[in-house]
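With chain A fixed as given, assemble chain B onto it according to the hints.
There are 2 protein chains.
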Amino acid sequence: MDLVEELIDILSSDKVTINETILEHHSKDESHFEPVLPDVVVFPTSTEDVQKVILFAKDNKIPIVPFGVGSGLEGHAIPIHRGISVDFSQMNQIVELRPEDLIVKVQPGVTRLQLNQELNKHGLFFPVDPGADATIGGMAATNASGTQAVRYGGMKDQILDLEVVLADGRVIHTGTLAKKSSSGYHLTSLFAGSEGTLGLFTEVTLKLHGIPESMMAARACFPSVKQCVEAAVSILSAGIPIARMELVDARSIVQVNRFSGTDFPEKPSLFLEFHGNEAGNESDAQFAQELFEEHQCQEFAFEKDSLKRAQLWKARHDLAYAFLHSDPKLQTIYTDVCVPISKLTEMVEYARERIGAHGLDGAVLGHIGDGNFHTLALFDPKNREHVQKIERLNEEIVKFAFTLGGTCTGEHGVGLGKIKYQRQEHGAALDVMAGIKHQLDPDHILNPGKLLPVEKWTGV
Amino acid sequence: MDLVEELIDILSSDKVTINETILEHHSKDESHFEPVLPDVVVFPTSTEDVQKVILFAKDNKIPIVPFGVGSGLEGHAIPIHRGISVDFSQMNQIVELRPEDLIVKVQPGVTRLQLNQELNKHGLFFPVDPGADATIGGMAATNASGTQAVRYGGMKDQILDLEVVLADGRVIHTGTLAKKSSSGYHLTSLFAGSEGTLGLFTEVTLKLHGIPESMMAARACFPSVKQCVEAAVSILSAGIPIARMELVDARSIVQVNRFSGTDFPEKPSLFLEFHGNEAGNESDAQFAQELFEEHQCQEFAFEKDSLKRAQLWKARHDLAYAFLHSDPKLQTIYTDVCVPISKLTEMVEYARERIGAHGLDGAVLGHIGDGNFHTLALFDPKNREHVQKIERLNEEIVKFAFTLGGTCTGEHGVGLGKIKYQRQEHGAALDVMAGIKHQLDPDHILNPGKLLPVEKWTGV
Chain A
1 MDLVEELIDI LSSDKVTINE TILEHHSKDE SHFEPVLPDV VVFPTSTEDV
51 QKVILFAKDN KIPIVPFGVG SGLEGHAIPI HRGISVDFSQ MNQIVELRPE
101 DLIVKVQPGV TRLQLNQELN KHGLFFPVDP GADATIGGMA ATNASGTQAV
151 RYGGMKDQIL DLEVVLADGR VIHTGTLAKK SSSGYHLTSL FAGSEGTLGL
201 FTEVTLKLHG IPESMMAARA CFPSVKQCVE AAVSILSAGI PIARMELVDA
251 RSIVQVNRFS GTDFPEKPSL FLEFHGNEAG NESDAQFAQE LFEEHQCQEF
301 AFEKDSLKRA QLWKARHDLA YAFLHSDPKL QTIYTDVCVP ISKLTEMVEY
351 ARERIGAHGL DGAVLGHIGD GNFHTLALFD PKNREHVQKI ERLNEEIVKF
401 AFTLGGTCTG EHGVGLGKIK YQRQEHGAAL DVMAGIKHQL DPDHILNPGK
451 LLPVEKWTGV
Chain B
1 MDLVEELIDI LSSDKVTINE TILEHHSKDE SHFEPVLPDV VVFPTSTEDV
51 QKVILFAKDN KIPIVPFGVG SGLEGHAIPI HRGISVDFSQ MNQIVELRPE
101 DLIVKVQPGV TRLQLNQELN KHGLFFPVDP GADATIGGMA ATNASGTQAV
151 RYGGMKDQIL DLEVVLADGR VIHTGTLAKK SSSGYHLTSL FAGSEGTLGL
201 FTEVTLKLHG IPESMMAARA CFPSVKQCVE AAVSILSAGI PIARMELVDA
251 RSIVQVNRFS GTDFPEKPSL FLEFHGNEAG NESDAQFAQE LFEEHQCQEF
301 AFEKDSLKRA QLWKARHDLA YAFLHSDPKL QTIYTDVCVP ISKLTEMVEY
351 ARERIGAHGL DGAVLGHIGD GNFHTLALFD PKNREHVQKI ERLNEEIVKF
401 AFTLGGTCTG EHGVGLGKIK YQRQEHGAAL DVMAGIKHQL DPDHILNPGK
451 LLPVEKWTGV
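For the protein sequence lines, the chains are A and B, in the order given.
When we follow this note's numbering, the leftmost residue of the first sequence carries the number 1, and every step to the right adds one.
When we follow this note's numbering, the leftmost residue of the second sequence carries the number 1, and every step to the right adds one.
Pulled out of the complex, with its shape left as it was, chain A reads as follows:
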């Protein structure tokens, strides 16, 4: 029997496919990395299905690569060693919503918009918002974050429990329904962000938040990116519990206006949001405005109206796509470093200088309250010189972030793109990571070639 027949035998024919279009869809993500077709795509509908697939892969030493909606930016879901792509789209149920506990248990294929639509009915929301409508499983696997992380934290901070199928078929739970625990080792945060290399998630239990009584958005324009950054730092130092604080440079606003039909002033800007009660938000916003004046703020506009507010954040979330889809011949690269906040000005100025030096069309934007920002640059993937420039730019930015005490990825993950920086970032800790990987997946069947710069563990 061949691979496909055996998998059909284990699962059923409707859960296994080698349809060319579907293989193609599972060969890539939103990154510029070369697509690679999987040998087969499976669509499990239960933990048991996932367990069966993993045991089969283990017995036959076949690579297994989890797939959500393919919105990753670092090639996580590309099956570079072929094998089985495990598509979680059929595991997209909200298993249990406990509004009174502010807890929800979901299958990994649930997307963030699907989840928030359901939560909204109960006056609740889930704050982690990467630009794409990613799956919760994918977001957990990459430790995604987004615009609200400055207030609510990223993905690993929201997870109470993961149900994980390990490489040998064992099913574990990493936590309980308790909001905090000091019992055992904290495996939840070890598996969150492990990019499918330690196990496949089959259930994710999340903390939720009550929708604040009042949400107030605002835009502020400054003469330069430097002043945007300095103004943002002043907000944090003052202890204002800002819920969102996004840097969007002039080049980005041009693209936003073009793509989203908005008419924001095409100047370096901060997009802000305050969560709380109305009196508190007004007081915070007024204080922010006063602080911004010291940084030559040129315009401070409120978006109080909930429609206007939604439009602002939709425009921000669509920014990546605004660049990506601006020209079908061009691709986009996103750098993703995160540095201590006091170093942001220096970091952002360096990034902008390098974009210019390479003669690229690029923008700077990001989650400035966390020190996490993206340089976004367009390039022609068929032009070798272009690709080399882009890779050099990414490398320069990562290396500079390291000199400032930062990390090579704030939220996009390692995937294929950041593997080469893992030793420099983690030093001897990388051997500890490799040891854990080897212990849990000795045959390296789980998403091989991702996250860790080792194909085979060579001992610590």
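Keep in mind that the hints were calculated from the coordinates and are not lab data.
Check the hints yourself; a few may be wrong.
[As the list claims (entries may be wrong)] Computed footprint of chain A on chain B; a stretch qualifies when at least three of its residues, placed anywhere within it, have a C-beta under 8 angstroms from a C-beta of chain A:
hint	region
1	182 to 193
2	366 to 374
[Stated by the list, open to error] Derived pair list, reagent style DSBU-like, types lysine-lysine, alpha-carbon separation capped at 35 angstroms:
hint	chain 1	residue 1	chain 2	residue 2
3	A	LYS304	B	LYS207
4	A	LYS314	B	LYS267
5	B	LYS58	A	LYS420
6	B	LYS420	A	LYS52
7	A	LYS420	B	LYS382
Positions of the beta carbon are idealized from the N, C-alpha and C atoms, including for glycine.
Just chain B now, with coordinates in the frame of chain A:
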């Protein structure tokens, strides 16, 4: 040469002692577990010293037990297999404070009050506040939390980086200075809460917070504990970002008044605190008061004055000592379960019923906003029947918490006291933990007999 001479040779004579009083001091913590004298106590002053001690212990297969100030409640620091107690009191320097980045790097022997005294000069604070003036190293090792976790999270949520000396002498860093990262496996949360069983911390880098513009404390009395719990749940469901919400039952208030000289009404109470700007706090407090009225709140008193506010929280923090030191012949046990918030009423009522059924003098108090509470009961450690009752009470509460989806320890850690519940709580995940322990400490020299219910790893 004997153990002491060899250690003196490696360190120096002023860093090694077998003085009886000092051995005695390192034989116990605040728990009721039997003291055990270490063979020797060492006082390292640098990472290199810790490395030397660990390499010596590894070569000679001698147990190593880290020691902060001995304020633990589950016997973590008791050297049950004797060996070397590593006292971090000489590593008590604030290494680097970066106010603009809201980051501080400290040695593990710095205590939380020492740290906050320094931070206060810069308008900053560190929110994790277990009752005792514990060391940051000890708090990191047990994943401590306290009254402000409901707003700011517990210890693992504050740590950006740990410098760890592993059992084979390697020194690793688990993070960077970046506020968030998706690079590699998240080792910080694996080591935080590992209770000295995976490595010894020699430096801890923490996130800080700006002191809020306004802090407003309040007390609210209710006819019953049940109504306190229901009132607390209503605050959370309404999305009020409460900074502190503590349950203190009538028996506890009696003890508080006796010990701290306060005159709080001796009724089931919530102690609250709001952090933000003045307008926002007032609005939140008013909303809370309205919600509480629906739960028959009998008194809602503000403690606006900063002295009164400090007195309130000092009384709360001293509560454990108020019981512990009420009678020199008696000991206290603290249960420490954490359950989903909707189950709190049921859980607390069960605990109070069991205290009564065993005929014990006990109280119920805790961090109700997190679902984490403590049953506190007095007993005579020399009375065998008493001790058995206490142990039965603890077990009953843990088992009941499990049926509600909770954890056996919300913040005190496993130590000796919660080992017997680890398999039931973690199931197959416990084998993953044991595998990690074995990989990092194959000879089990690091705090043996704590956290994991295995002396020697038996394979997964």
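Quick rundown of the hints versus the structure:
Coverage of the region 182 to 193 of chain B by chain A holds in this model, with 11 residues showing a Cβ closer than 8 angstroms to a Cβ of that chain against a need of three. Against chain A, the region 366 to 374 of chain B contributes 3 residues with a C-beta closer than 8 angstroms to a partner C-beta. That satisfies the three-residue criterion, and the hint holds. At roughly 32 angstroms between alpha-carbon atoms, A/LYS304 and B/LYS207 fall within 35 angstroms of each other, so this suggested pair holds. About 50 angstroms separates the Cα atoms of A/LYS314 and B/LYS267, which puts this hinted pair outside 35 angstroms; it is violated.
Taking the CA atoms of B/LYS58 and A/LYS420, the gap is about 33 angstroms. The hint holds against a cut of 35 angstroms. Proximity of B/LYS420 to A/LYS52 is assessed by CA-CA distance (about 33 angstroms); at most 35 angstroms being required, the pair is judged to hold. As the CA atoms of A/LYS420 and B/LYS382 are separated by approximately 61 angstroms, the hinted pair breaks the 35 angstroms bound.
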